[in-house]
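Take the two lone chains and join them into the complex the hints point to.
Protein chains in written order, with my numbering: chain W, 1231 to 1573; chain D, 958 to 1752.
Source of the hints: derived by calculation from the structure; they are not laboratory data.
Among the hints, erroneous ones may be present.
What the hints assert, rightly or not - Below, computed lysine-lysine pairings styled on DSSO-like, alpha-carbon distance capped at 27 Å: (1) W:1257 - W:1316; (2) W:1316 - W:1299; (3) D:1117 - W:1510; (4) D:966 - W:1510; (5) W:1269 - W:1316; (6) W:1270 - W:1257.
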Amino acid sequence: MTQGVAGELERLRASARERIESATDQKALEGLRVSLLGKKGELTTILRQLGGLPAADRAAAGAEANQLKDEIFQWITDRMGGLEAKRHTALGDTEWVDLTFVPNPVRRGHLHPLTLILREVKAIFSRLGYEVALGPQVEDEFHNFEALNIPQDHPARDTMDSFYVEADDLLLRTHTSPVQIRFMQSHKPPIRIIAPGAVYRRDATDPSHGSQFYQVEGLVVDHDIRLSDLKGTIEYFARSLFGPERRIRIVGDHFPFTEPSIGAAVSCGICGGIGCRSCKGGWLEILGAGMVHPQVLRNGGIDPERYSGFAFGAGLDRLAMLKYNVTDLRLFLENDVRFLRQF
Amino acid sequence: MLISLNWLKEYVDITADAPTLAERLTLAGNEVERIAQQEVDFDGVVVAEVKSLRPLPGSTKNQIAGVTTGGAAVEVVTGAWNLAVGDRVPYATPGSRLGDRRIETKTFLGVPSAGMLCSAIELGLGEDAAGIMILDPGATPGQDLHALYPRDTILELEIKSNRPDLLCHLGIAREVGAIFNLSVREPKIPKTRSSDAPDLVRIDAPDGCRRFVGRLITGITVAPSPPWMQARLRAAGVRPISNIVDITNYVMLESGQPMHAFDYRRLTGGRIVVRRARDGEELACLDGKTRRLTAHDMVVADTERAQGLAGIIGGAESAVQAATTDIVLEAATWEPRSIRRTARMHGLRTEASSRFEKGLSPALSLPAVERAAALVAELSGGTATRASDVYPVPLTPATIELDADRIERVLGVRVEIADAASILERLRFIVKRAGARLQVQPPAFRLDCSIPEDLVEEIGRVHGYDRVPSTLPGARTPVRDLFERRDADETAREVLAGRELDEAVTSSLVSADGTPPIAMPSAAQAVVKVKNPMAENRDALRRSLLPGLLEALALNARQDQGGARLFELGSVFWKSAVNAVDEPQALALAAHVPAGGADAAVAELRSLQATLATMRDRFAIPATAFKQADFPSENPGVFAGFHPGRTGEVLDDGEPIGIVGEVHPQLLAQLGLPGRAVVAEVLFDRFSAGGGRTPQARPLARFPGVRRDLTVLIRGKIAASEVLQVIRQQGGYTLRDISMVSEYQGPQLEAGARSLSFRLHYQADDRTLTNEEVAAVQQRIIDGLNARFGAEVRS
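Next up, chain D with everything else stripped away, as it sits in the complex (with noise of 0.2 Å):
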């Protein structure tokens, strides 16, 4: 919304600086987003009386102008010929300047010329270029330009959206006198008899319209209107057409109340009805696009034909044109609801309906037709015959009770009764006092308060939140214990990073269709899809944080930044069979291996395992056990993007919770990520077991242990999960812990024989264990592992 300092002079005499205005403005919850100085630049620029127009001897173009600024008349040539004799013109005396120019005395073929006549464009003041700039006819000869064109100020203000009622200058004066205790000059809007043509509106779909004030005018010529009003209708953004136009526009402005005038004579029956559209009908509008409408749509229209989409726009075809002599005033109330909808199906918005959609109060109609029909009669003449207000269902005032206790309550600071009743007056609000209470109504401008606390907040912003104490709430406080999750975030998140991984966070909207099906298995196969999306790419919920993770790698590869290792810790999202959606917190790594092909892989995957076997050891969760994945011959189902072969699945008490694996080359390749990439992902309350317990002491060994290492010789796909089964079946009460310690597979083993070593610790809580008796043990363990895998062991 912009806003005219000059105008907004007229309402209220402000005496702070704009920057002081703007920061109260602010402050009070009308922010001003930019203070612009507008550019009217100019010195030695005044007001002159045309005495005299003869032709420039030797010129089709030029003729001479005698001019007066109050004494004897000088000549200036000129190249306008919209001059008459007795017009008042801007006339630029030698010596004076145009923003970098400098007016002196020149000579048209022979002729001096002492200065120039002006256009609006040449003086910044609008931008017409066609002709002099026809100042007010009561401008007098000699009078600086400066003193009629003040250079304005304006304010870019952000209106909230409850307060459509300040989306214009009597709105912001009313805000300004609040404010700073000053007095608003209202304009004085005549008061005439306003039901007295029952026929020229009739309304036939009041659940769109609450209102609708019409007023016919006979007789009126359509000019341009005078600069003053050009000049404030430019400096709050909007462009002049004609005095009728102009006048809809600056009651608009200067009230808040959008109007529309139709040129009667056009309208067939001579009278408005307002209605739905059929559907289908069609209306060419005044910005020149034909609109095919609906039954939704509310419009104007005449006995056959709607005439303007209602409150959006007006129709071309009863537009007022330069022979209008009759037109019809329009400032009605619309349904928000049904503006809203009309506008965005439309994909059209306009100063009116973004006035209508946020709820215009229906009081403002009837002022702003009288207030127009008023400058219709002083600036183009005419009569104001009939009137017609159709108001079916008035506003019934409400009344808010209010007293000092229910202030401080709400606000933390005391605010006198009187001091409150004051400021609710200044901001028009009808206030009676009872004793301690106070029964306030809302003005009828405003639709925006009902209850206490509406004015509350009026009495706090106007009263200033700097005089707001700053406490904090009171000591009592609620104990829960909601930080068990958080804490098994924040404990991963430290492990992580120090196994070297960065974190992302990447975006939960995925492509439906062009993401890669890999997941951890007990994913939801099917995606949430979004309805509307905006992207194509963008257009379902992520069921796995890998894809992401897969893509930022890729990205990071092509910037030259191979190798990254991520993880990411966030929601995914699972359709689950009641139309619902599962929001399960996933905890997802990944891995780039630019480099060193399958072993480097496979000491990634290594990493990868005990990076989260680590997270495990630090949630005080014992065990973390792998199970090969088991992929279907035909199709790798739910394994789908790993690797057949380096897959596994990662359980948690036996059960699958995650999956952990080298992503498979054909995705690799599709991803366009060179080399390897190992990835992991694990549902992540189960794998913190919902937050991680505390570690619990136990009593150190008062008796040595005995370790013993065992190399184990298998052939083929033996898991190792097996091998320490049959290891820890045989190793009985004694054998306390299991370590795996290296693998080897290669040149000095026969082809398909894997070596595995372990490291066992025996002990005893009762008395040292003798050599004897650990030889026995491993000896049961080796002719086990003999028996059950034909393994060759080596102690």
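Isolated chain W, as found in the complex (with noise of 0.2 Å):
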């Protein structure tokens, strides 16, 4: 009788293993384990005869089954390891996909490039803790005008033809510098502010022109201002935002509402400053910028033997169109959605 189970268990072992090695997939295996070594399974059937034996053979048997049990369990597991190593190294042609096939992006909406200039803009100056101020696009002419030095027939008047508006002495302002009197009006100093905008003048549109057109203006009054920190202020932000390679010009210059005035250009990006097509000698003029007038600052309710400050003011569109190389100003208003999708 022990001949009996023992035989089943020796012919068991050969016919497992040779099942099992000649398994050819994943599937057939796991159907072996199931009928080798499951609860219905022929190692199963073979210990049930145990019960059966004298108590001294029945220990022997036991072993004997318990050895093959772990036996069959390692081959099957060693076969499947063999099988998916082999898988494994059969990938590159069983699931070859071609990735030279480029998928398109995902569409997504593109920002308008005075959305764009005017982020980096603004994140430069929210660096040097300036906040961003706003102003009516509808200005009266005190603000746009008297309050800042230029009165009625003031030459400055010739390069700023604006439009008014059919209500009393409204016009639509012609730069963004009006934005520094109502603040200086109801803000004491510390004033750190850039104040962004359309302005308006009736100048003929060609590739550099338009009748409405952006800027940014910037200002700041505080105790003890100097033009040195203009001049510092001006290549921190020239140089974060063309880059830190480029070299800062400033020359002397004329505006109504600053004393000392000045004018800041940037080392040309195309040339490297040495002169090309695109500038002027090398340069690039970005802004205009100077010393509040002292009677600016009384206008805005500043005393200016307590307080000094600066101001400057850049085109916008003139930013973008250097920093993104448009060249033709009316693209901006055009809207074709061929130019937008390109920033």
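Spelled out as structure tokens, the structure:
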């Protein structure tokens, strides 16, 4: 009888081994595991016969059966690993995908270049602690002109030919500078603002002029503000926007609302400052600035003996043109999606 | 302003090369826009003296000139007849070069001509082609013409509007002197008694004329001005006319003071009257045009008629002509406002008016007349006789105090007081040292300096802004909260870009009559008009962003870019009751549906609504509700331009804050936009609740919730919002959330029927809901819907 059980175990060992070795996929192996070791499997069937054996034989046969169970388990595991390794080796052929076939990027909306440039400008100045201030586009003559030392018949009005609207004494602001006055009237120093927005002049439309364009104004008022602070601010701003390798040039200039007045230019990024068709002798004018005129401070309700300040104004569209290589200002207001989707 | 470097060198010994000079002038605030080399291109041309003239045998056109360059005379054939024996002329010797042309000995009718005599145009020294250029009698035969006419370099400067004193060579010479610390030779002005003829000039309108200096010179001879003067005028861009006219222009280009010369014999009454024109008075001007004047215009008149438009252009009648023998020289100072106004009214800007408009100093006029009189005496003879200087209110020079601390406080760099004084003195300021302080008087020719900061600017720009250090303002920064709305802007842009809309920026200026009236319903009905538009179709301010966006959709469709989706965030202009203009921020969206008809438009409309809801969700504003727009039966009124069946108002807290809908086909046809379009416009501040709320965390549910779907079949125009309201009412406390899942209308349903599917989420805070509990609530909802709408409900 013992002979019988032992023989069956031996036969099972041989056949199990052979069947496991010849299995060709994981599914077949899984089937073998169930048919050999499962609840109704072949080994279990043999083990059930152990109950009929004498106690002495039972222990030996039991040990033998358990050993076979471990062996079969090990063979299946090994075979499983072998098959997996083989499958992995073949993946390059069985699951090949051509990755040079490029899908379209997910369609996204594009923000306007004027928004993008303003974001950059705001980010730069917010690092320096500036706030954003806004003012109306329909302005009165006091804020747009008189408070900025531009009385009626001042020659500066020649370059700022304005649109008047039907309400009395109201016009479309010709620059963002009136925000300086409004902010000084409503806030005490220290003041540190930028004021972006649309401005309007009765200029003929061409690639670099339009009757509607965009500026960003800056104003700092505090004790002991000096031109050196203005110079440092301009350099920080221009290098942040255009790149740290750029050089900045400060020249004398004239504005009625600043004294002294200066102009700032950045070295041309195309020729590196030698002079080329895109620049003026190697320089690109980016903004006008100066120390706030004492009378303008007074007009804003600030005592020029206690405080001083600087102000600057740059063309946002000009900055965007320089930074994004846009050669025609008119593209900004045309809204051709072929243009917008480049940004 | 064109500046001749040769001319400039008469006043200051410039050693720097032209690019360096230009760079330094620019840094100091006088921008040099261009450096041009004058086109004088010849070699081997020398001065020759005409010794003899005889006809060329066999020719009626040419003659033979015997000329000498110091040695033996040679014969040259010439076609010109303006020569006289003794004249000095330019002689192109054999082997010389005029531009690309090589000059050799040539034979005319058997007579060899050893080279040629040259006209001004052949040498590039003028436009005169008619005759040989007659040189200065002092020119030495044999002298290289280059020595007389060195190739000139022309600087084109942009002079700032506060510095009309720099619109001349002497002004620039002073700048150069100050910048390079070089001495400047001012031209010698002879001093004469100036008011020995008080009857020559009378000012009747002193509010328009600050000073008038006139001087009578008799017995002059009008002739061409000498070549050196013509060359300088030409270099500065002025065409030579005659010695008298050229002298007036020369003095202006030298000193900045515009001048005029009258033919004295043409002045009725023999005197000059400065007055306002009579309304309707006519004046024939030097440019050949007759202008009708008004009482605003200042004129220089004789005792009867206007003889010149003051400070702008002279009159034709009293202009200096070839036969003129007696002249009155004028150097006046005109009120800038009056000149500006007249120049604008008559659309005439001249060298003179552009100087007077900026405000010239009255101190310039007397020396200008004296200088001109001296030149007249030198170049056209005559006797300077009576002079008159009418100067009702002489300027009183201001004194400005300055110290080194002030300079440092403004510039941020220490400039020693001695250096500051030196700079100011180089610029012709009168400086008195009083210890550490300076008492400074601006030069009489400048009117732009009145406060210490003006002086600091002079010091700064000459000292050099490159010597100012770069610092940043101190660390004290204001703490205020101005970023609220800005953040909402950026959040909205992010969401919109994510929803595949491109950002547009459209013009604020629109056509008052041509713009379709489509707008959000709360927009002001009337547009704000521009009083002085540049174009008819840009004569008002936009009251809505929608017309501009629709135009942009149409433009893109024409460019083969159908299906564009755009948004804009910007100001709209609403006329308010009190003659003022409100500028609310609006947000508008517009999507073009080129194909697919009604169903595609619905899908796009739903997408637009979802976009609006997504933005509100990003602002942490819980709900976005829409209300079906209630079109008045006759006239669409505030809903003009919208589709009567497909338009809704956007609600915030139950109040309308905008609109969303399909565009009316009639408007699309008007815009030439094929297919369909859907749009939305909202008041951005309300829409974003002023900046977006901060999300607040709530505890997570401790017990599982239950989801149930509900499909409601309704008939007719029953709004989903009403269905929702009933569900919400019946749902009670455990119904936490309802979402609209889908909508169906079509062949599977009877005509006019519509099915709406909702997903309901039930939840309790204190227990797990049982199926029975939920089923009871669902049944209550079903009954409610049935009772209210007769709806069939499947759950």
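We went through each hint and held it up to the structure:
| no. | hint | verdict |
| --- | --- | --- |
| 1 | W:1257 - W:1316 | holds (15 Å) |
| 2 | W:1316 - W:1299 | holds (26 Å) |
| 3 | D:1117 - W:1510 | holds (18 Å) |
| 4 | D:966 - W:1510 | holds (26 Å) |
| 5 | W:1269 - W:1316 | violated (30 Å) |
| 6 | W:1270 - W:1257 | holds (18 Å) |
Checked against the numbered hints given earlier, the structure breaks only hint 5 and satisfies all the rest.
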